[in-house]
Amino acid sequence: MTVRSYGFGAIALEAAVQVPATFEYRRASSVEDALALLERFGEEARVIAGGHSLLPMMKLRLARPEFLVDINDLHELDYLRLEGGELLIGALTRHRTLLESELVGRLFPIFHDAERVIADPPVRNRGTIGGSLCQADPAEDLSAVCTAVRAVAVILGPGGRRSVPMQEFYRGPYETAVGAGELLVEIRVPVRPNAGSAYRKVERKTGDWAVAAAGGALSLADDGRIGWAGIGLAAVSTSLAGYRRVEEALVGREPTDELFTEAGRIAAEDCDPLSDLRGTEEYKRHLAGELTHRALTLAAERARAAGGTGGKDA
Amino acid sequence: MQVTINVNGEDRTAEVEARHLLVRFLRDDLGLTGTHWGCDTSNCGTCVVLFDGEPVKSCTVLAAMAAGHEVRTVESLETGDGLDPVQQGFIEQHGLQCGFCTPGMMMSARALLDRNPDPSEQEIREAISGQLCRCTGYLNIVRAVQWAARHPAGTANETETETAGSTP
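As you go down the protein sequences, you meet chains A and B in turn.
For the first sequence, this note's numbering gives the first residue as -2, with consecutive numbering after it.
For the second sequence, this note's numbering gives the first residue as 2, with consecutive numbering after it.
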């Protein structure tokens, strides 16, 4: 499909079909059952969890699966836990659970920043992290967040279990590494010492897709310099991982305002926004730079606050 | 396919298509037209019902997905003991004009008060932030929920000064 705008809400305004086309519905009773159903139906099947991206797209005929495999009964995929220096997030974890988790907020405040501005409370009660990532909307917040924190997606399928870094998971608008017959089951986020993270988004109104948004994560070395940095931007490109130049500019440097301004300048250069009803290309580039600056500034503050203990309580 | 959903405490069964939306099940199959059907794109929130106790937009849930779950609609608010405090609050504080958003607003308010009997103004505004009202400017809706929080028994017992909107 041609993507004229990042965030399908822009397309939704033009159509008025209110019932999805026909499909067959199957409710999976276990992960094994879900995988068997997905393998049987192949390319014609879609997984449904919260459904708050997929059902609107089905109403608009932007998606027309012949089979829906409902995974809402797979409670074994709804969890948050620390294990081996990683935060493990089950794919069926709801937005609300992420937002209300003290553990997530302490280790990765970037998730809380983003969750506060993802849609609205009733939608967050249903929507899941796995669904958000698999929807792969270029304006989707958690994809940018997971890119910034270098999350790894765990996918199960006929070929067994594989782990895919976020930068490779997201293949472009509405495309992911999850193939036919496969199921995203877990997101793993490495916990780093002395780390901080933040997400900053500009939206036209509460609950809307981003005009532009930026996520930044960094950790501080013992000498106070930036030891590691990750950047993810939403709504300003068809790629999520094109900010290596920003990350390289940060590592080994003192976390100063000048540095973060420079990082924002590079991000604004390297993004690729489209003019649409949410704003002009120029405005979005400006936002990309400014929001990168703000996200990194807050991430550095949080890293300093975490200093000495950050990550160790893992 | 046949689905059975516990609606307002009672198991209700209907033969539906897989693509049938929960809001249509409630309105068309059960005749529970208190749940309104608005934008159909999960924006306006007038179709909010409680799904296992928490607000969801019923235009974006398949009836099939609700099978085996508990759904609570605005029709359940009034009991033999009278109106729910939230309903009384909307009366006391003039929380509606046209009334189209009201069922969804009241269900979100009920869920909020069930979890947090003494919410701040900000918490109330956050709780209804997924729902649109084009009449009230929200002020009287917030006051209605505040009224309900102050009157868990649902009856007015004093003349009071309202606080919502008095500070930025």
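In short, the hints are calculated from the structure, not lab data.
Owing to the predicted nature of the structure, the values given are computational and were not obtained by experimental measurement.
Do not take every clue at face value.
One side of the interface only, derived from the structure: several residues of chain A facing chain B at Cβ under 10 angstroms [as the list claims (entries may be wrong)]:
hint : residue
1    : Gln15
2    : Arg24
3    : Ser27
4    : Val28
5    : Phe38
6    : Glu40
7    : Gly47
8    : Leu52
9    : Met55
10   : Lys56
11   : Leu57
12   : Ala60
13   : Ala116
14   : Pro119
15   : Gly204
From the three backbone atoms N, C-alpha and C, an ideal C-beta is built for every residue, glycine too.
Hint by hint, here is what the structure shows:
no., hint, verdict
1, Gln15, "holds, 5 angstroms"
2, Arg24, "holds, 7 angstroms"
3, Ser27, "violated, 16 angstroms"
4, Val28, "violated, 18 angstroms"
5, Phe38, "violated, 14 angstroms"
6, Glu40, "violated, 19 angstroms"
7, Gly47, "holds, 9 angstroms"
8, Leu52, "holds, 5 angstroms"
9, Met55, "holds, 8 angstroms"
10, Lys56, "holds, 7 angstroms"
11, Leu57, "holds, 9 angstroms"
12, Ala60, "violated, 12 angstroms"
13, Ala116, "holds, 7 angstroms"
14, Pro119, "holds, 4 angstroms"
15, Gly204, "holds, 6 angstroms"
Comparing the model with each numbered hint stated earlier shows that hints 3, 4, 5, 6 and 12 do not hold.
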